[in-house]
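Here the structure of chain A is known, so what remains is to put chain B in place on it, guided by the hints.
There are 2 protein chains.
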Amino acid sequence: MSKSLVVLSGGQDSTTCLYWALKHFDEVRALSFRYGQRHVKEVEIARQLCEEAGVPWECMDISFISQLSPSCSLTNPSLDIEAEKREGDPYPTTFVPGRNLFFISVAAIYARNHGIYDVITGVGQADFSGYPDCRDGFIKSLNTTLNLAMDEQFRLHTPLMWLDKQQTWALADELGVLDTIRYRTLTCYNGIVGDGCGHCPSCKLRREGLEKYLEQTPSNSPSMGRKTP
Amino acid sequence: MSKSLVVLSGGQDSTTCLYWALKHFDEVRALSFRYGQRHVKEVEIARQLCEEAGVPWECMDISFISQLSPSCSLTNPSLDIEAEKREGDPYPTTFVPGRNLFFISVAAIYARNHGIYDVITGVGQADFSGYPDCRDGFIKSLNTTLNLAMDEQFRLHTPLMWLDKQQTWALADELGVLDTIRYRTLTCYNGIVGDGCGHCPSCKLRREGLEKYLEQTPSNSPSMGRKTP
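The listed protein sequences derive, respectively, from chains A and B.
If you use our numbering, the first sequence closes out at 1083, no skipped numbers anywhere.
If you use our numbering, the second sequence closes out at 1083, no skipped numbers anywhere.
Because the hints were derived from the structure by calculation, they are not lab data.
It is possible that some hints are incorrect.
One copy or two, it doesn't matter: identical chains are merged, so the pair holds either way.
As the list claims (entries may be wrong) - SDA-like mimics (lysine to any residue), calculated; alpha carbons at most 20 Å apart, straight line:
#, residue 1, residue 2
1, 994, 1006
2, 994, 1005
3, 877, 907
4, 857, 1048
5, 994, 1007
All figures in this text were calculated on a predicted structure; none of them were measured in a lab.
Just chain A, same shape as in the assembly:
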């Protein structure tokens, strides 16, 4: 029996990974995080999607990380989330330093407690939005660090690492879950499920990818006839 754990935010990318995992592993678990994020509704979305898919789900509170990033607009509601960058700062205002480091490290230890060594995350560097901890080199280095920290052989899987948003939509369609991903997940920084607010940086990226995918989809693709709800 192959077993895996998915780091699940309830957004487009990690939810696509959930269905990818269900195709590639016999047993799948999912772990979500509360970390003081604005759009905490995503946690409830993750729970519901797992319940429907029969996937055991848990949520851990690691909100100490919001203390570590007082100037981050993702965890500080007094800041403007749509100001993509601040003058003199190389990172988006939504960058939570070390977020993926903590998500994936906690997930690996949680997985190990369940006898699981395959950990799946939706990070990718094609559309990495300026977050250094979405890149392949970081993930490979973290994989080695986790193995050394616990004398184990973890395998971190990143099915979306080299896919842009258009290709991520194509993957969802191949997995037969285009509509689920489109209408049920939450990627919008303003907390609007599905197609979202349409104008925050996250919605823009998601929408542009979807439009490109739908335009180029041949009529015999799995998504045929599913372009509207």
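Coordinates of chain B only, in the frame set by chain A:
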């Protein structure tokens, strides 16, 4: 101005590192953690030592890690802390998986918020007690991972990496703080300051190192005449 951050538990090793840092850097800060440990008194000891040394000090709560290690005797008071190992388990019962990974990662992000990129930790592999996350390979890998996670150039310093306990006592003596380390720090798993309970695994290691050091110390060493309080 060179600046550094010390990860400070209030025990022998990290406190020796605090004084090492004060010798090697112009500015020193210290960070301690609450993580559900039995001997939380060490946090107060760390605070006092920093106050006396004029070192800015903070404590962060990362007690979520105790949820990750329900079978650990260091964070679960219902377990026997002196049972060094459980049958079939390669680790000491006091192993908190990922503890140093979290301590050092949180410290690096905290340091970055203060414009500090030199982070000092007291881990060492000479007397590593079976904890994989005290070894040099782990620290070097984590250093690379942290740099990649944040696109920064952190330097993790481990002054005790290759020193056994006897040599760590020698270093404290060279730094002129043998008595402070001996009588003020808390290393004992049973929470007794200074020479401790004398029989837990941590006290044994500490005492044996001190005895060897004091036996072999020539009479003109800095510790001369300080063998008793």
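Practice item. Evaluate residue 994 and residue 1007 at a C-alpha cut-off of 20 Å and name the case that applies: within, between, both or neither. Key: both (13 Å within a copy, 18 Å between copies)
Exercise for review: Have a look at residue 994 and residue 1006 and pick one of within, between, both or neither, based on CA distance no larger than 20 Å.
Suggested key: Cα proximity of residue 994 and residue 1006: in one copy and across copies (15 Å, 17 Å).
**Study point:** 20 Å Cα threshold - placement of residue 1005 relative to residue 994
**Key:** Result: close both inside a copy and across copies, 16 Å intra and 15 Å inter.
Exercise for review: Up to 20 Å between alpha-carbons, please classify residue 877 paired with residue 907: within, between, both or neither.
Suggested key: within (12 Å within a copy, 58 Å between copies)
Review point. Is it within a copy, between copies, both, or neither that the alpha carbon of residue 857 lies no farther than 20 Å from that of residue 1048?
Key: Intra 29 Å, inter 47 Å, cutoff 20 Å: neither.
Hint compliance for this structure: hint 4 is the single one not met.
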